[in-house]
Amino acid sequence: MATSARRPDAGRSSGPPPAELRLDAEVYSEAAIERARRAFDGLATIAVRRSGRYHLVRFSKVSPDAAARLPDEFGNYALSCLLVHP
Amino acid sequence: MDPKVDRQANAVNVVLDEGVFPRPVGLAAAYRFLERCYVQLERRPGRRLAVRLKGKAPLDEDVLRGLGEEFHNELVNQLVRHQVSERTDQLRAVIVGRALLSAEPAEAAAAAPAADDAACLDYLEDPLGIAVPWEEKHGDKRKTTRRGKK
Amino acid sequence: MTTRPAGKVRNKRLVPLRWRELDGRILATNDAGDHVWLDRREFDDLMAGRLAPGKRVSRELARKAMLRGKDTEAVLAARVRERSHHVFTGPGLHILILTLRCNHGCLYCHASRQPAGRGGYDMSIETAGRALDVIFQSPSPDLTIEFQGGEPGMNFDVLRWVVEEARCRNADGARRLWFSLVSNLTTLDAAQIDFLADNGVMVCTSIDGPAPLHDHNRRLTGGHSLARTLRTMKAFAAAYRKRKLDPGLAYVNALVTVSKSSLSQPKAIVDEYVKLGQKVIHLRPLNPFGMGKRIWEREGYTADEFLRFYLEALDYIIELNRQGVEMMEKMASLMLTRILTDKDPNYADLRSPCGAGIGQLAYNYDGRVYTCDEGRMVGAMGDDLFSIGDVHKNTYAEIVGHPGVQSLCVASCLECLPGCADCVYAPYCGVCPVYNYVEQGDLVARCAGNDRCRIQMGMFDHLFRRLSEPGMEELLRRWTESRDRSSVYQGRNVETPPPAKGGKTKRDRRRTGKS
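Chains as they are written, first to last, in the numbering used here: chain A, 1 to 86; chain B, 1 to 150; chain C, 1 to 515.
Mixed in with the good hints there might be a few duds.
[Stated by the list, open to error] Cross-link-like lysine to any residue pairs, in silico, SDA-like; alpha carbons within 25 Å at most: (1) C/Lys55 with C/Glu473; (2) C/Lys8 with C/Gly54; (3) C/Lys330 with C/Thr205; (4) C/Lys343 with C/Pro212; (5) B/Lys56 with A/Arg58; (6) C/Lys279 with C/Arg243; (7) C/Lys64 with C/Arg130; (8) C/Lys70 with B/Leu91; (9) B/Lys56 with A/Ala39; (10) C/Lys234 with C/Ser486; (11) C/Lys8 with B/Glu86; (12) C/Lys393 with C/Asn170; (13) C/Lys244 with C/Ile193; (14) B/Lys56 with A/Leu56; (15) B/Lys56 with A/Asp41; (16) B/Lys56 with A/Ser60; (17) B/Lys56 with A/Glu73; (18) B/Lys56 with A/Thr45; (19) C/Lys393 with C/Cys168; (20) C/Lys8 with B/Leu101; (21) C/Lys275 with C/Arg478; (22) B/Lys4 with A/Arg50; (23) B/Lys56 with A/Leu43; (24) B/Lys4 with A/Tyr54; (25) C/Lys64 with C/Glu326; (26) B/Lys56 with C/Val438; (27) B/Lys56 with C/Leu385; (28) C/Lys234 with C/Pro212; (29) C/Lys393 with B/Leu101; (30) B/Lys56 with C/Asp442; (31) C/Lys234 with C/Asn170; (32) B/Lys56 with A/Ala67; (33) B/Lys56 with A/Gly52; (34) B/Lys56 with A/Arg38; (35) C/Lys242 with C/Pro212; (36) C/Lys64 with C/Glu126.
If you are wondering where the hints come from, they were derived from the structure by calculation, not from laboratory data.
These figures come from a predicted structure and were not determined experimentally.
Based on the sequences and whatever the hints tell you, model everything.
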C-alpha cells in the first residue's frame with residue numbers, strides 16, 4: 001500500500017519536515033504524477049524519482065498551512081488525473 | 001473483498017478482483033470518494049487492486065466500515081455503467097454527435113451536410129475531417145509534413 | 001428483478017425490444033415507441049419463436065414493427081428520426097432571467113430571489129442585446145425567448161426592448177420567433193398587458209390551488225396573491241377578446257407547484273382549475289434546486305407521497321373527462337404524446353439527450369450563460385459547474401462548444417445509460433443530469449434511489465395501466481391533440497418599428513446605451 005510518512009529529519013530546517021509519498025507506478029502514470037507535481041508546485045518543493053515499481057514523491061519547503069495534508073492531497077489529485085486525463 | 005478497518009491509520013482497506021471489476025471500474029469508483037477521503041491505490045498479485053480510503057477527519061470504526069461498504073456499492077454501480085457504456089458506444093457516438101453538430105452556429109451548420117445528404121456521402125469524402133489525424137490537425141505542422149513525405 | 005424469458009431467445013424475427021412486468025402481464029416496447037401487452041405464455045412463445053402467425057398478438061406485433069418483415073428496419077429508422085426531431089434543431093429555447101427581484105416570498109422558491117426593492121439584480125439593455133447576439137447565432141429555425149426571474153414583470157422595460165429588438169433582427173422572417181413570459185402576474189399594468197397581447201407573448205403563471213393553499217405557498221406582501229393573479233388573468237382574457245382572438249388558443253397557462261400542503265388536496269386543486277375555466281393543469285413536484293433544497297426538510301416529501309397525490313389527481317381528471325369536463329394534465333399529456341404518437345413535443349424533461357446547451361440556454365441577469373435554467377439555479381447555490389460562458393465575453397460557438405455541454409449531452413443520452421438503456425420506458429423518457437448532480441453527486445443517475453426516476457416510472461406505469469382499460473386510449477388520445485397556437489402567438493407582431501429619427505435603429509440605440 002502506498003504510504004505517506006514524515007522523514008525523521010525534523011529540526012534541520014525551520015519549516016515542517018520533508019514528507020514522502022509512495023505511489024504504485026503500475027497504477028499511477030508518470031503523466032498523472034507530473035500533472036499533480038505542476039499543480040502543487042507553489043506549495044512545496046516536490047521531487048519525484050522512480051524506485052522499483054514506485055514513484056517516490058518527496059515534499060520539502062512545504063508551506064506551513066499545507067504541511068499536514070499535502071501528500072494525501074497530492075495523491076488524490078494524481079488519482080483524479082488518471083481519470084480526467086487518461 | 002470484506003473491508004478491513006485500520007483504526008490507527010483512520011482508514012479502511014478494500015481489495016478487489018480486477019477480473020471482476022476491471023481497472024477503469026476501480027478507478028471510477030475511487031474517484032467518487034475523493035471529496036470525502038484520501039484515496040490511494042496499489043496493485044496486488046493475482047490481478048487484485050488494493051484501495052485505501054483514509055478519512056479526511058478522524059472517523060470511528062463504524063463510519064470507516066460504512067465507507068468500505070459504500071465503496072462496494074459504488075463498484076457495482078460503476079461496473080454496470082462501464083458495461084452499458086461499452087455496449088452502447090457506437091449508438092452514443094451517433095446520437096451525441098448528431099445533437100452537438102445540430103447546435104453549432106448557423107454558418108457552420110449550413111456548411112455541414114444535411115442529415116439526409118450525410119447518409120448518401122461516401123465515407124472517403126470526410127467533410128468534417130474526422131479521419132484527419134489529431135497531430136495533423138493540431139500538432140507541429142513541420143513534423144506532420146516530414147512524416148507525410150516519407 | 002427484470003423479467004426473463006423462460007428459455008433461450010430463438011426468434012430471429014424479433015427487433016430489439018425492452019420489456020417490464022406490470023400487474024402480471026408483460027409490457028414490451030420498441031425503439032419507435034410502439035407498445036404491446038403480452039401474457040407470460042405469449043411472451044415466452046414470442047421469445048422462443050413459437051408464436052403462431054395467425055394469432056391476434058402476432059398480427060399486432062407485426063403491425064407494430066416488433067417482428068421483422070419487409071422494410072421493418074427502414075420504417076423504424078424513419079420513425080425514430082421523426083421522434084428524435086429535437087437532436088436535429090439546435091438550441092431553440094432561450095431563457096432570459098430579466099431580474100432576480102421578486103415581490104413574492106414563496107415557500108419553495110428555487111430561483112434565489114432578491115427583495116423587490118434591492119438594486120443590482122436586473123438585466124440591463126446592454127446585456128440583453130448581447131444575449132440577443134448569441135441567440136440569433138443559434139441555427140434553430142424556431143427561437144423561443146422566455147422571460148423569467150425573479151419576477152420578470154419587474155423589469156418590463158427590458159422585456160419590451162427585447163421583444164421589439166428581436167423582431168427588428170428578424171425582420172426578414174428567417175426565424176419563427178416566439179416569446180413567453182413566466183410571471184406571477186401581480187405587477188403588470190394595463191399598458192403592459194396590452195403590449196404582451198399585441199405582441200403575441202405567451203403568458204404562464206402559477207396557481208397552486210384554492211386561495212388558502214395558494215396564498216400559503218406564495219406569500220405576497222399585503223397578501224391575497226391569488227386574487228391579484230386572477231385579476232390579471234381576467235384582464236388578459238379581456239385583452240384577447242378585444243383583439244378577437246380565439247379563446248381556445250389565446251389564454252394564460254397555469255401550473256401547480258406541489259408543496260407539502262398540497263398533498264392532501266389533489267381534487268380541490270383540480271376543482272379550482274375547473275372553476276377558473278382552465279383546460280390544462282400542470283402538476284409539478286418540488287425540485288431540490290436553489291432555495292428549495294434549503295427548505296426541503298420543512299416543505300419536502302417523498303417520491304411515493306408525490307405519486308399518491310399525482311395519481312389521485314390524474315384519475316380524478318379522467319373521471320371529470322368522462323363527465324364531459326374538458327381538462328388535461330400537462331405532464332401526462334406530454335408522456336401520452338410520446339406513447340401514442342410519433343410527434344416530438346421537444347419537452348426538456350422527456351427527451352434524449354436532454355436540452356441542456358443543445359436545446360436551450362439560460363442567460364442570467366448579469367450575462368452569465370448556463371446550460372439550462374436548472375443549471376442556473378445550481379449556480380445561484382454557489383456552484384457554477386453548469387455555467388458555460390458569458391454574453392459579454394463569449395460567442396455562441398464558444399458557449400455551445402463548452403465541454404460542459406458535451407458532458408451533459410453524454411450524461412443524458414438515456415439509450416446509453418445504466419438503468420435507462422434497458423428500461424421499457426426509454427422511448428418516452430428523459431433524464432436531468434443537473435438533478436442527478438444535485439441529488440446524487442453525479443451527472444449520471446443511479447436509478448435505484450433516484451426520486452425523479454421513481455416518479456416518472458410511477459407515472460408511466462399508471463398511464464399504461466389506464467391505457468389498457470377498454471375505451472381509455474380513445475379518451476386519452478385527446479390529450480395528445482394540442483391545437484396549433486401559432487396564429488395567435490407566432491404570427492402576431494406589431495409592425496416592425498421604423499428607424500428612429502436620425503436614422504438610428506433600435507440596435508443603434510442599444511449600442512449607445514439609450515432606450
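Determine which of the earlier numbered hints do not hold for this structure and return their numbers in increasing order. 4, 7, 20, 22, 25, 31, 33, 35 and 36
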